[in-house]
Amino acid sequence: MRTIIKLLYDTFKKLDLFVFIPFFILSIFGIVMVYSASSDIAIQNGGSPMGYLVKQTFFFILSLITIMFIFHANFLRSTKVIATFGMLIIIMLVYLFFFGKSVNGAAGWISVLGLFNIQPSEITKFYFIIFIANHVDHHQGAIVHHWMRGMMNIYVYSALVLILILIQPDIGGTAINAGIIFVMLLASGIRWQRAVGFAASIITILFLVFFCILVPVSKHSSIYALQRIVAFTDPFAYSHGIGQQLVNSYYALSNGGFFGVGLGNSIQKNGYLPEPNTDFIMSIIAEELGFFAIAIVMILLTFMVCRIIVIGIRSDDAYSALVCYGTATYLTIQMLFNVGGVTGLLPITGVTFPFISYGGSSMVTLSCCLGLVLRISYHQKLLRNRLINKEGL
Amino acid sequence: MGPKVNRKIVGEGLFFIFAIIFIVMIGRFFYISTFKTVKGVSLTKMTRSLYTQTNVIKAQRGNIYDASGQPLAENTSNYSIYVVLNKQQHGLDGQPLYMTNKNKIAHVLSNNISISYRNALHILSPQNKDTFQVEFGNAGKNLSLTTKQKIESYHLNGVHFTKQDARLYPNGVFASNLIGLVTPETGKNGLTNLVGEMGLEREFNQELSGKNGFHQTDKNNSALDKTTPAKNGDNVYTTLDYRLQTLLENQMATVNNEAHPSNMNAVLMNAKTGKILAASQRPTFNAMTGKGIGSIWRNTIVQDLYEPGSTMKIFTMAASINSGHYNGNDIYQSGRYSVDGKIIPDWDPNGWGKITYNKGFALSSNVAMAHLEQQMSASTWMSYIKKFQFLQSTNSGIDNEPLGNVQFTYPIEQANTAFGQGIQVTVMQMMRALSAVANNGKMLKPRFVSKIVNSNTHQVIKNYPKEVVGTPISANTASEVRKHMEDVVYKPYGIGSDYKMTGYKVAAKTGTAQTSGSAGYESGNDSYLYSVAGMVPANNPKYVMYITMKKPVLPGNKTATQLMAEIFKPVMRRALQENSNYISNYELNTPNVISDQKNKAVNQLNHLGFKSIVIGKGQIITKQSINAKSKVKNGSRIILMTNGVSTVPNFNGWNEQSIKSYQKISNTNIKVIGHGSAYQQSVEPNKSILDNQQIVIKLKS
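In order, the protein sequence lines correspond to chains A and B.
Every letter in the first sequence is one number past the one before it in the UniProt record's numbering, and letter 266, counting from 1, is 266.
Every letter in the second sequence is one number past the one before it in the UniProt record's numbering, and letter 516, counting from 1, is 516.
Everything labelled a hint here was simulated from the structure, so no lab data went into it.
Do not take every clue at face value.
[What the hints assert, rightly or not] In the BS3-like style, the derived pairs of lysine-lysine whose C-alpha atoms are separated by at most 30 Å in a straight line are: (1) Lys600/B - Lys150/B; (2) Lys698/B - Lys150/B; (3) Lys14/A - Lys8/B; (4) Lys272/B - Lys505/B; (5) Lys163/B - Lys148/B; (6) Lys600/B - Lys629/B; (7) Lys700/B - Lys211/B; (8) Lys386/B - Lys542/B; (9) Lys542/B - Lys600/B; (10) Lys219/A - Lys687/B; (11) Lys381/A - Lys8/B; (12) Lys483/B - Lys505/B; (13) Lys598/B - Lys687/B; (14) Lys272/B - Lys491/B; (15) Lys211/B - Lys390/A; (16) Lys8/B - Lys80/A; (17) Lys45/B - Lys80/A; (18) Lys219/A - Lys598/B; (19) Lys4/B - Lys381/A; (20) Lys359/B - Lys13/A; (21) Lys141/B - Lys4/B; (22) Lys129/B - Lys163/B; (23) Lys660/B - Lys671/B; (24) Lys211/B - Lys359/B; (25) Lys387/B - Lys505/B; (26) Lys4/B - Lys14/A; (27) Lys390/A - Lys4/B.
Treat the numbers as computed from the prediction; the structure is a model and nothing was measured.
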C-alpha cells in the first residue's frame, strides 16, 4: 500500500502541472455537471443521476490510472506494437461494420463482454497520433525530400480507417480524425511554406464546398446529415423539427446569461435539450452557471492546449513534437466541433466536449494522449535539467 | 531549413490559430449569453412562450329569458360527424380509428341523419384514395347529443365527432327577429366564439359574450401560474311573456296562412309600464331550425317605415281635444272635401251626409280629420306630431332605427297627415304615442328588455325601469279620446265592432291606408295597409295592442279587420286573464334548504307557498332547483334532491320549465314530446333511475 502511495506521489511530482491541473479541474467539474445534467435524462431512461455520477467518477479514476500507465510505459514507440495496434483497429472497425451496436442512432460502439461499450473512432484518434508521430520520426529524411512517397503508408492506412469510420456513419468522428491527421502531416517537417499553402487551400475548399454546394443542396434534401446543415442555417424555421436541438441550446444559453440560473436549476435539461450530459453539456453549464463558468472552462482548456503546443515546440525529436501537436489538435477540434455546434457556428455533429462530457471512451483516449504529453514534458524537463547541470559544471 | 525548424514554425502557427479559435468560441458564448438574440430572434421572448402555456377558459354566453325566466336563447353544444379513412390511424391499444365497415356506416348514418344510404356510401368512397377523412355537409352538422349517442352506440370504427358551441332557441318561431341570432366567428387566437348577428343577440352582444379567462401555466415554476377566471356573459331578461308570445305567434301564423300579407306586425304592450309583452312579425324565421332565415333579416317592428293610415286619427283627435278646438257635436259634410282644389275623399266617397265629428271619428272619416287639422291650424297639429314624438327615435336599442319623415309643406299635405297619409312612422313610434292615450297622458318608452343580470352572482347589473318620455296630452284628453275609440267598437255605426270582447270594454281604432310604391299610391284591393290599435279595459287600459297587416290577399269570407281581430282578441284576453292571476301571485323569497333535514325543508317550503318535490330516498337535502334568495312566483315548483338513491317523480301536470329544472338538477336523460303539461311518462314514478336511462315525457296543452 505504501509503495503505491509513494509511486503516486513520485509520479505526481514528475507531472507537468500546467497540463495536469487543468485536466484535473475540468474532469472534477465534469463529474459535477454530468450529475446535474443527467437528472432528467436518467429518469427518462429509467436509471438514476447517481448512476451517471458513479460511472463518470469511475471513468475519471480510470483515466488517472491510464495517465499513470502511459506515463511509465515505453513500448508506445515500438513500431511492432504500433503496427499490431493498427491491425487491431482495422479488425474492430470491420467488426463494427457488421455487428455494430447502435447508441443514439450511430452504430459506433462495440460491446466488450457486455460490460462496457468502446468507441473505436475515439481510440483511432490516439492511434493516429502515435502512428504518425512514430512513422515520421523513423522516416524523417525520406519525408523531407519526398513528402508524397515518404508518407504513403500513412495516406493509405488513414484513408482506409477514415472510410471505415465514415460509413458507420460517424461524420464528426471522421472529421476530427482527419483534422488530427492533416495537422500532423503539416507538422511532419515539410517546408513550412508548403504547409501553409496546404492549410490555406484545404480551408478554402472546405468553405467553398460547404457554402456553395452543401448549403444549397441541403435545402431540398432528406438526407439526415444534410438536414443538419439546414438546421444550422435556419434553426428557428425548424424549431420543432430538425432545428430543435440548436434552438433549445440557444434557449439554455439565453436562460443562463452571465451567472446562470444556479447549479441544478436548468430548465432545458428537462426534456427540451437532448443529450444534456454529453453533446450539450456546455449548454447546460451555460444555463446553470452562466457565461462566467463557460469562460473558466474555456480558458482552462485553452491554457492546456497552448501549454501542450509549447511542449511540442520545445521538443527536439519529431515524435515528441508531433504527439503534442496531435494532442493539441485533438483537443481543439473536439472543442471546436462541440462548442461550434451548441452555439450555432457549425452544424451539430454530435461531438463531446473534452473532459467534461459523460463518456468513458473519450475520457480514456484523452488520458492516453495526456499521459504521453506528460511523459514527453517530463523527459524534456529531465533533459533541460541535464543541460543546465552540464553548463553548470 | 531542416524539418525541425519547419515543425517549430508550424507549431507556432498552431499556437496562434488555436488560441484564436478558442477566443472566437468564447466570444460566441459571450454574445449569446449577454444579448440573448440570435439572427434577430429574441431568445427571452421565445423561452417565455415555450415555458408558459396559456389555455383559454371560454366564457359562456349569457342566456336570454322572458320576463318569468323562461329561456328564449340558451347555450348548448352540438356535434359534427366525420369519418376517418386513413388506415394509419390507430388508438393506443392498437384498435383501428379508421373506417372498417363502409356499408354499416352508411346504413347507420342513413338511419340517423338526413342522408340517403346511397349518398352516404358515395361520400365514404372518395375518388382520391389518399383522402384522410370525409364529412357529410349540412346533414352531418349540428347534430344533437342524442343523435351522437345513438350513432356511437353502434361502435363503428372510424366515426368521430367534433363538438361546437351552439345557441339553442328552444321555442322556434318566437319573436325571432327581435331575439336575433348568433354566428360562430373564429378569432385571431383560433377560438370560435358565438357573436350576435341580429336582434337583441347583437345589441347586447357585449353583455352576453362575457370575457374569456386564461390559465397560464409555467412548466418550471408553478408559483408563476396565473389564472384569470372567465367572466361568463350576463343574462338578458326581456319583457316578453312566454305564454302571450307563444299565443301571439300561433295566431300570427294562422292569419298569415289565411291572408299571406307581405308584412304583418303585432305588438302587445303593458299600458302602465311600457313593457312589450309580445311582439311578432311576418315574415319571420324559425330560430331553432333556421328555416325562413333568408326571407327576412329586418326587425320590421323597429326598422320599417310605413304610412299608418287611419290609426293616426287617434292623435289628430287627441291634438284637437287637447288644444281646445274640438266640438264633437258640430256637423260637417262628409264624403268629399276639397283642399286647394285637391279632393280629400272618405273611404265611402258618397259619405254619410251631414254628420257630427263624433260620428265621423267612429266612421273613420278622412274629411272630419282634415277639418280638425285645419281648425287647430297646421302648426298646432305639427306641434302635436312632435309632442307624440313621431319622427323621433324610440331608442329601442335595436340599430338602424329610422326616424320617419313627413310631407307637410302644402295644406293638402298637412291635411293628409291628419289621417295618416304622407307621414311615415315605425310601429315602435306608434306604440309610444299610443301609450300616452292609454296611460292618461303620460307617454312611456316602450321597451323589450327589463334587466341584465350577472349569471354568476344573480345580481342585477342594469335595470331598464319604466320611463315617462313626455306628456303630450292631459289625462282628460286621453280619457276622452278613449271614449271616442270605444264608439268605434260599440256604436252601431262604428266600424270596429269586430273587436268586441265579452267581459271587457275595448277602445280601438282601425285603419286602412293606401300603400305607396315608387309610382305613388298603389291601387287595387290588396294594396292597403290595414291596422288596428286597441286598449283594454277602455276606462283604465292595462294593455295596448297594435297590429299592422300590409297587402293581404284577403280570403273571400273574412275582412282584414276580422283577421286582425283573430290575433287581437285571444292575445288580449289571455293577457287580461293572466293579469288577474298575477294579483294572487305575490313573490316568494326562496330560502336555502341544502343540508337541512328532508321533512323540515319540505315543511318550511310548503309553508312559504312552494310546491316541493323530493327526489331520492335520503334524509338530507343536497340540491335545490331554485337557488336561495331567488324571487319566484307563489306556488312555484321547487325540486329537492336528497342524498339517497334517485327515484323518478310523478311528472303529471308538470310544465316544461319544471321538467327542465328537474333534468338539470338530477342530471337525468329526459326527452320531452309536445308542449303544455305532462300527462304521460315512460318510467313509472318512484322507480329508481338506471344509468343512462332515458325518460320520455309527453306533454299536451
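Tested hints:
no. : hint                : in the structure
1   : Lys600/B - Lys150/B : violated (42 Å)
2   : Lys698/B - Lys150/B : holds (21 Å)
3   : Lys14/A - Lys8/B    : holds (25 Å)
4   : Lys272/B - Lys505/B : holds (17 Å)
5   : Lys163/B - Lys148/B : holds (10 Å)
6   : Lys600/B - Lys629/B : holds (18 Å)
7   : Lys700/B - Lys211/B : violated (40 Å)
8   : Lys386/B - Lys542/B : holds (25 Å)
9   : Lys542/B - Lys600/B : violated (42 Å)
10  : Lys219/A - Lys687/B : violated (71 Å)
11  : Lys381/A - Lys8/B   : holds (18 Å)
12  : Lys483/B - Lys505/B : holds (10 Å)
13  : Lys598/B - Lys687/B : holds (19 Å)
14  : Lys272/B - Lys491/B : holds (27 Å)
15  : Lys211/B - Lys390/A : violated (93 Å)
16  : Lys8/B - Lys80/A    : holds (28 Å)
17  : Lys45/B - Lys80/A   : violated (61 Å)
18  : Lys219/A - Lys598/B : violated (75 Å)
19  : Lys4/B - Lys381/A   : holds (19 Å)
20  : Lys359/B - Lys13/A  : violated (136 Å)
21  : Lys141/B - Lys4/B   : violated (86 Å)
22  : Lys129/B - Lys163/B : holds (27 Å)
23  : Lys660/B - Lys671/B : holds (10 Å)
24  : Lys211/B - Lys359/B : violated (61 Å)
25  : Lys387/B - Lys505/B : holds (28 Å)
26  : Lys4/B - Lys14/A    : holds (26 Å)
27  : Lys390/A - Lys4/B   : holds (24 Å)
In summary, the structure is inconsistent with hints 1, 7, 9, 10, 15, 17, 18, 20, 21, 24 from the numbered list given earlier, while agreeing with the others.
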